[in-house]
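Hey, can you work out the whole structure from these sequences and the hints?
Below, each chain spelled out in residue letters.
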Amino acid sequence: MVENRPVLRFIHHLTLIAGVVAVAFPLYVTFIASTHSLESILSVPMPLLPGDQLWANYSQVLTAGSTRGAQAPVGAMMWNSLVMALAIALGKIAISLISAFAIIYFRFPLRNFFFWMIFVTLMLPVEVRIIPTFKVVSDLGMLDSYVGLTLPLIASATATFLFRQFFMTIPDELVEAARIDGAGPLRFFWDVVVPLSKTSMAALFVIQFIYGWNQYLWPLLITTDEKMYTVVIGIKRMIVGGDALTEWNLVMATAMLALIPPALVVILMQKWFVKGLVETEK
Amino acid sequence: MADISLHAVTKRFGDNEVLHPLDVAIGDGEFVVMVGPSGCGKSTLLRIIAGLEEATTGEVRIGGRRVNEVEPKDRNIAMVFQNYALYPHMSVRDNMAYGLKIRKLPSAEIDARVERAAGILELGPYLARKPRELSGGQRQRVAMGRAIVREPAAFLFDEPLSNLDAKLRVQMRLEIQKLHRSLGTTSVFVTHDQVEAMTLADRMLVMNAGTVEQVGAPLTVYDDPASTFVAGFIGSPAMNLVPGRRVGDGVEVGSGLEFPLPEALRSTARAAVTVGVRPEHLVVSSAGSVAGPALAFRVDSVESLGADSLLHGSAAGASFVVRVDGHQAPQPGASLTLSPKPGRVYFFDTPSGRRLAG
Ligand SMILES: Nc1ncnc2c1ncn2[C@@H]1O[C@H](COP(=O)(O)OP(=O)(O)O)[C@@H](O)[C@H]1O
Ligand SMILES: [Mg+2]
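Going down the list, the sequences are from chains H and Z. The first sequence runs contiguously to residue 283 in the working numbering. The second sequence runs contiguously to residue 507 in the working numbering.
Listed below are the simulated PhoX-like cross-link pairs for lysine-lysine, each with C-alpha atoms no more than 25 Å apart in a straight line:
id: 1; chain 1: H; residue 1: K276; chain 2: H; residue 2: K199
id: 2; chain 1: Z; residue 1: K279; chain 2: Z; residue 2: K250
id: 3; chain 1: Z; residue 1: K279; chain 2: Z; residue 2: K253
id: 4; chain 1: Z; residue 1: K222; chain 2: Z; residue 2: K250
id: 5; chain 1: Z; residue 1: K279; chain 2: H; residue 2: K199
id: 6; chain 1: Z; residue 1: K316; chain 2: Z; residue 2: K327
id: 7; chain 1: H; residue 1: K228; chain 2: H; residue 2: K136
id: 8; chain 1: H; residue 1: K136; chain 2: H; residue 2: K237
id: 9; chain 1: Z; residue 1: K250; chain 2: H; residue 2: K199
id: 10; chain 1: Z; residue 1: K279; chain 2: H; residue 2: K276
id: 11; chain 1: Z; residue 1: K253; chain 2: Z; residue 2: K222
id: 12; chain 1: H; residue 1: K272; chain 2: Z; residue 2: K279
The set of hints was computed from the structure by calculation and includes no laboratory data.
Okay, here's the thing in structure tokens:
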């Protein structure tokens with residue numbers, strides 16, 4: 002690729018541009034559709050330039066919601082999604098950090114057994130255990146609640162495993178230096194382990210926030226009350242029956258809104274995220 | 150300040166006994182160096198003193214108090230590690246202050262101690278930096294600062310200079326010496342480098358495979374090695390150790406080169422005796438003028454070290470290394486007559502490796 006052959010270069014660029022268009026075009030269409038009235042979207046061919054209903058559509062979904070299917074305001078759904086994504090991301094980080102700390106720094110009976118138990122659950126995605134989990138959550142009366150929405154998704158083998166791997170790279174001498182300095186396990190955790198894990202935590206936060214935000218199947222099962230809908234479920238519930246009945250302009254506006262928070266998290270935390278993946282501060 | 154003593158201390162990892170029963174006594178304010186090849190158990194011994202490792206049997210006392218059951222933080226010791234073990238996310242100041250904060254010293258006292266240590270170690274300009282912004286030598290100084298601020302009864306050093314380049318190592322060696330002279334704190338220093346041991350120690354403990362081979366002042370150990378192991382380990386280049394046979398009142402090595410046995414050793418020497426001569430104790434002399442053994446030495450190769458040159462070659466079929474003045478080194482292929490300095494030939498019992506004593 003060092004040589005400079007114009008034809009080859011043209012082909013390379015064409016391929017790349019085609020790729021970008023393939024990814025970006027649906028997004029563009031979604032945006033365009035969210036700026037038109039329902040009638041103009043349903044006309045053939047569909048318009049490909051922005052319409053004049055942007056403000057009307059967005060303010061309607063945010064404050065009032067669709068008039069068909071799910072009728073809760075999307076603003077409230079976004080709030081639910083935010084609570085869920087944050088609780089899952091922060092909960093996963095907290096639980097995994099503590100579990101990994103226990104597994105690496107404490108000798109207790111059956112330590113390896115517990116580690117492997119956690120590790121094995123890596124192989125069980127939410128969907129596999131969804132019926133029993135639903136049963137438990139429903140018996141505990143946690144349907145249509147934030148706790149029911151988040152708690153079953155907080156346990157995370159992946160994050161525990163990642164933190165374990167990271168802790169294993171912390172030199173033993175550092176632990177010993179802290180022991181001589183008089184730091185007990187909890188002080189060592191707060192003063193050394195947590196600060197050293199900051200970048201890993203940031204990377205995990207990004208991944209888990211998006212994971213939480215995009216949850217579909219679990220909230221679909223567990224929420225029946227419109228007030229508890231997350232935005233992803235909201236989109237699904239706004240789509241009713243045939244094409245003509247669905248307010249596609251509002252669905253598209255909701256979809257655009259649903260995109261914003263994960264995109265923001267990625268953009269704002271990009272620096273940390275990359276650092277967490279490539280750099281270890283030791 | 151305190152003395153440290155170990156009584157019949159052993160250490161096992163599983164079935165592997167890495168320390169055989171050891172008795173060590175370290176005086177108050179003394180600088181003791183434990184030296185030995187890698188894997189001989191030096192670090193394990195030091196970690197037992199620090200409390201990072203438990204002795205399998207035996208007793209450890211610091212300042213007269215039995216500390217086997219005492220946590221490291223309550224043993225009133227400070228340790229300096231080979232890889233510095235600084236907290237990467239803390240500034241130099243916080244690294245040094247951390248242990249004091251945990252002990253809840255008043256912050257004015259902490260500041261004063263940190264400033265004083267920074268002054269001694271010339272770390273003043275770096276107090277706000279993170280360890281990764283420091284050079285290896287500076288990091289090692291911070292690690293020492295962290296030890297100093299605790300004002301412990303004893304410093305424990307585990308190969309603290311091994312990660313530094315040669316020049317810095319010499320410089321830090323001098324600084325540690327200076328520090329010990331000004332603070333006078335009991336220090337135990339572990340190293341595999343016999344030069345460090347020779348230069349730093351008030352007394353050194355030469356260790357081999359989990360046992361102490363010899364204890365003594367550096368020059369005593371150099372002048373009077375107790376075994377072939379010590380003779381070969383202390384001194385650079387190593388002592389020439391040539392296996393020989395007892396013949397009459399002497400020991401024959403190679404083909405017909407005879408070293409006379411001193412009177413006192415004649416009764417103890419058995420059939421197999423190893424003869425030891427240091428490279429610096431073989432002197433070039435003109436043939437005929439030699440009293441005692443004369444080595445007809447043929448030079449195979451010459452290593453020039455500047456001030457000195459090392460001649461590698463053989464006499465009577467046995468290999469020797471000889472140290473001569475750097476400017477008067479002969480060419481490879483030359484033949485010389487060598488004689489050992491009087492009283493500088495050592496005799497060891499070959500099977501046991503112990504020095505023959507009268
Ligand atoms: N935690 C441990 N578990 C098992 N064996 C160990 C452990 N620590 C040290 N050893 C063994 O003990 C011996 C002495 O080790 P060490 O004291 O580190 O030697 P040195 O510091 O003299 O190089 C080595 O053979 C080493 O393999
Ligand atoms: Mg060691």
